[in-house]
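**Student:** Chains as they are written, first to last, in my numbering: chain A, 1 to 114; chain B, 1 to 114.
It is worth saying that the hints were derived from the structure and are not from the lab.
Accuracy of the hints is not assured; some may be wrong.
EDC-like cross-link-like pairs, simulated, lysine to aspartate or glutamate; straight-line CA separation at most 16 Å [stated by the list, open to error]: (1) A:K5 / B:D32; (2) B:K104 / B:E17; (3) B:K104 / B:E33; (4) B:K96 / B:E65; (5) A:K104 / B:D67; (6) A:K5 / B:D83; (7) B:K104 / A:E20; (8) A:K5 / B:E92; (9) A:K4 / B:D67; (10) B:K5 / B:D32; (11) B:K96 / B:E20; (12) A:K5 / A:D32; (13) A:K4 / B:D83; (14) A:K4 / B:E69; (15) A:K5 / B:D74; (16) B:K4 / A:D67; (17) A:K4 / A:D32; (18) B:K5 / A:D47; (19) B:K5 / A:D83; (20) B:K104 / B:D83; (21) A:K100 / A:D74; (22) A:K100 / A:D32; (23) B:K112 / B:D56; (24) B:K96 / B:E17; (25) A:K100 / A:E45; (26) B:K4 / A:D83; (27) B:K4 / B:D32; (28) B:K100 / B:E69; (29) A:K96 / A:E20; (30) B:K100 / B:E45; (31) B:K5 / A:E65; (32) B:K4 / A:E69; (33) B:K104 / B:D67; (34) B:K5 / A:D67.
Protein chains: 2
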Amino acid sequence: MLVKKINNVPANPVDMEGAEKVRKRLLLSEADEALNFKMRLFEVEPDGFSPYHTHDYEHEVIILEGDGELRGKDKQFPLHAGDVVLVVPNEEHQFKNTGKRMFKFFCLIPIKKF
Amino acid sequence: MLVKKINNVPANPVDMEGAEKVRKRLLLSEADEALNFKMRLFEVEPDGFSPYHTHDYEHEVIILEGDGELRGKDKQFPLHAGDVVLVVPNEEHQFKNTGKRMFKFFCLIPIKKF
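Construct the entire structure; sequences and hints are all you get.
**Tutor:** Right, here's the structure in full:
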């Protein structure tokens, strides 16, 4: 068993095209002997966003703090601490900070696809 | 895509043998078209605990609030908000509330095993 403090895991800038003002902490992954899914924490500055994109695997998301929006192809959802999100494979999606504070969310993805 | 507010998902008592003062909210599961892993939130009252047990699948855990302890076979770890935990398959483990407030944690498990 393994316990980590989030703040002890480095926050690295996300340099994917279409991402702005986002950092990622890779909390649990294959390097920790995670078997089926990876746990990441994304930290989005005010006016920041993840890429608007799609892929063949799902996201399971927990909003930790701040205020944001999930943008889909035909709809948007406001997001706040205490919300959880499922994005299924091949759905277009983007996470945006719509507030004045940091917007932080856990995003879990399956390992097998990578 | 799907967004849920945690507080809108029912908290049901955990009636497993060895569990005391624990409720569970099943946040994402096959019923939501989750494909690879389930997301649950456990809410443990002061003096409460999950069973001390083992199983052939892993846990990925995020401590949301409160103070607790992860008990293993030969060691214990204090747990606080901002900690994440990996329990690998076949490790004996138990989560306990050691504080005076509710102890809440997300616990994710693979779907395929059930």
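**Student:** None of the hints should be skipped; say for each whether it holds.
**Tutor:** Against the structure, the hints come out as follows:
no.	hint	verdict
1	A:K5 / B:D32	violated, 30 Å
2	B:K104 / B:E17	violated, 20 Å
3	B:K104 / B:E33	violated, 25 Å
4	B:K96 / B:E65	holds, 13 Å
5	A:K104 / B:D67	violated, 21 Å
6	A:K5 / B:D83	holds, 4 Å
7	B:K104 / A:E20	violated, 32 Å
8	A:K5 / B:E92	violated, 21 Å
9	A:K4 / B:D67	holds, 15 Å
10	B:K5 / B:D32	holds, 14 Å
11	B:K96 / B:E20	holds, 9 Å
12	A:K5 / A:D32	holds, 14 Å
13	A:K4 / B:D83	holds, 6 Å
14	A:K4 / B:E69	holds, 13 Å
15	A:K5 / B:D74	violated, 21 Å
16	B:K4 / A:D67	holds, 15 Å
17	A:K4 / A:D32	holds, 11 Å
18	B:K5 / A:D47	violated, 24 Å
19	B:K5 / A:D83	holds, 4 Å
20	B:K104 / B:D83	holds, 12 Å
21	A:K100 / A:D74	violated, 25 Å
22	A:K100 / A:D32	violated, 34 Å
23	B:K112 / B:D56	holds, 12 Å
24	B:K96 / B:E17	holds, 15 Å
25	A:K100 / A:E45	holds, 8 Å
26	B:K4 / A:D83	holds, 6 Å
27	B:K4 / B:D32	holds, 11 Å
28	B:K100 / B:E69	holds, 13 Å
29	A:K96 / A:E20	holds, 9 Å
30	B:K100 / B:E45	holds, 8 Å
31	B:K5 / A:E65	holds, 14 Å
32	B:K4 / A:E69	holds, 13 Å
33	B:K104 / B:D67	holds, 9 Å
34	B:K5 / A:D67	holds, 14 Å
Going through the hint list in order, the structure does not satisfy hints 1, 2, 3, 5, 7, 8, 15, 18, 21 and 22.
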